[in-house]
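Protein chains in written order, with our numbering: chain A, 183 to 265; chain B, 183 to 265; chain C, 15 to 163; chain D, 15 to 163.
Because the hints were derived from the structure by calculation, they are not lab data.
Selected chain C positions facing chain A (Cβ under 7 angstroms, derived; list incomplete):
no.	residue
1	Gly49
2	Glu65
3	Met70
4	Gln73
5	Val107
6	Leu130
7	Lys131
8	Ala134
9	Pro135
10	Phe136
11	Trp137
12	Lys138
13	Trp148
14	Val149
15	Ala151
Below, simulated DSSO-like cross-link-like pairs (lysine-lysine); rule was C-alpha separation at most 30 angstroms, straight line:
no.	chain 1	residue 1	chain 2	residue 2
16	C	Lys139	C	Lys101
17	D	Lys138	D	Lys152
18	C	Lys139	A	Lys185
19	D	Lys101	D	Lys152
20	D	Lys101	D	Lys138
21	C	Lys152	C	Lys101
22	A	Lys185	C	Lys138
23	D	Lys152	D	Lys139
24	C	Lys138	C	Lys152
25	B	Lys185	D	Lys139
26	B	Lys185	D	Lys138
27	C	Lys138	C	Lys101
We put the CB at the ideal spot given by N, CA and C, even for glycine.
Residues per chain, in single letters:
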Amino acid sequence: MIKILFFAALRERLDCEQYLLSCEGNTLDVASVLSQLQSRCQNWQQELSHTDLLCAVNQQLVPLTASVQDGDELAFFPPVTGG
Amino acid sequence: MIKILFFAALRERLDCEQYLLSCEGNTLDVASVLSQLQSRCQNWQQELSHTDLLCAVNQQLVPLTASVQDGDELAFFPPVTGG
Amino acid sequence: MSIFVAVQSDDFCLASEYSELRRNAACGAIVTFSGLVRELHDTVLHGMTLEHYPGMTEQALTQIATDALNHWQLAAVHVIHRVGRLKPNEQIVFVGVASAHRPAAFAACEFIMDYLKNRAPFWKKEHTAEGDYWVEAKASDQHALARWE
Amino acid sequence: MSIFVAVQSDDFCLASEYSELRRNAACGAIVTFSGLVRELHDTVLHGMTLEHYPGMTEQALTQIATDALNHWQLAAVHVIHRVGRLKPNEQIVFVGVASAHRPAAFAACEFIMDYLKNRAPFWKKEHTAEGDYWVEAKASDQHALARWE
Numbered sequence: 183m184i185k186i187l188f189f190a191a192l193r194e195r196l197d198c199e200q201y202l203l204s205c206e207g208n209t210l211d212v213a214s215v216l217s218q219l220q221s222r223c224q225n226w227q228q229e230l231s232h233t234d235l236l237c238a239v240n241q242q243l244v245p246l247t248a249s250v251q252d253g254d255e256l257a258f259f260p261p262v263t264g265g
Numbered sequence: 183m184i185k186i187l188f189f190a191a192l193r194e195r196l197d198c199e200q201y202l203l204s205c206e207g208n209t210l211d212v213a214s215v216l217s218q219l220q221s222r223c224q225n226w227q228q229e230l231s232h233t234d235l236l237c238a239v240n241q242q243l244v245p246l247t248a249s250v251q252d253g254d255e256l257a258f259f260p261p262v263t264g265g
Numbered sequence: 015m016s017i018f019v020a021v022q023s024d025d026f027c028l029a030s031e032y033s034e035l036r037r038n039a040a041c042g043a044i045v046t047f048s049g050l051v052r053e054l055h056d057t058v059l060h061g062m063t064l065e066h067y068p069g070m071t072e073q074a075l076t077q078i079a080t081d082a083l084n085h086w087q088l089a090a091v092h093v094i095h096r097v098g099r100l101k102p103n104e105q106i107v108f109v110g111v112a113s114a115h116r117p118a119a120f121a122a123c124e125f126i127m128d129y130l131k132n133r134a135p136f137w138k139k140e141h142t143a144e145g146d147y148w149v150e151a152k153a154s155d156q157h158a159l160a161r162w163e
Numbered sequence: 015m016s017i018f019v020a021v022q023s024d025d026f027c028l029a030s031e032y033s034e035l036r037r038n039a040a041c042g043a044i045v046t047f048s049g050l051v052r053e054l055h056d057t058v059l060h061g062m063t064l065e066h067y068p069g070m071t072e073q074a075l076t077q078i079a080t081d082a083l084n085h086w087q088l089a090a091v092h093v094i095h096r097v098g099r100l101k102p103n104e105q106i107v108f109v110g111v112a113s114a115h116r117p118a119a120f121a122a123c124e125f126i127m128d129y130l131k132n133r134a135p136f137w138k139k140e141h142t143a144e145g146d147y148w149v150e151a152k153a154s155d156q157h158a159l160a161r162w163e
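So that you can see chain A by itself, here it is in the shape it has in the complex:
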């Protein structure tokens, strides 16, 4: 299982805080996880296609080419606005 988290505006627009994805022991790249999520429905397709989407694997910022595997925590979120 890969635990997928969504934050802030993205969490609200997907109406989803956490999503569990079975990966059957395979190592995937973030881009392919994103494709799977986008294919769920038109709303997810649209919201997960923003080019400024940020991604973290195990709480570290990574590019979409990074890989994820069973047990990882993957997060997608909009550009940060703290400080």
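For this one, chain A is given, so just place chains B, C and D on it according to the hints.
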């Protein structure tokens, strides 16, 4: 009269805090006042020849080409080291 | 060299952070940055809510503070970021840097804020007279990183 | 826009200055600089004496603060410089700048310190285990002005 003030290391080395110079109503430039002071003795000659000497007329930093006249306050001091 | 990082809903006290930072006898310069909730130009701001990614925020701030310590000679770095609901004029963020020398303290403090603005997972939602809005990221914050790269 | 300048032998309180600076509702960023008497590498420092040119110091600091207000959009600027005898770890100087935005607050605070270091008539004499010495001006402080010109 022009009131001339010296500060910090310069004050100590000249052993002088304040010096009154008669200018007989003339307008002088700072460089010529400096020459007069330098001619007082060898110690003053040396101490007032440092190229990093700063100068203020009426409490504003000025170059040696600035002019001074009766009633002005003229000050010479080493590079500042506050802050 | 010490790093202190906190993510908390409670307010913080600038004076306490400062007295910690100045404890080091080799420290001649302390620069602090405080970010406050400020009023809006076009509408009334009732307050804002700071959302964050628990766990990742602490890691991100510690990483940024460590990067600063590796770039400059610093005695101490404190970073505090608040989360949850905040009212206008409340404190949001504190960065304090102690160093022997002034240029290092200024540069490190600004470096930490610039990276925090772009890399630490916090998000602001403004509660205004006209509704609730997520704050948009500013291009100027992204451009601020260019100078450090 | 307000300027507060003081030259005094008494210590100052960072927390009071800060609470004055944050009073403006349009202010989202406050940067402070504090300069402290720090220990020496090569000998024991008993303390230092800050000499100044009374009258000119206040004018010079006011001029520098005014120049900063003319360059950047600032809500408030506070500058305090102490004179007289100071012990190690005592506070020497405070510069606090409040602004709507972070880059202006950082730039103005550093600008003020850079000019203060080169233009305000203060001189430090260190009292060390090996005698009393006037502090030499540093070329790096002079070079710091280049960026603002």
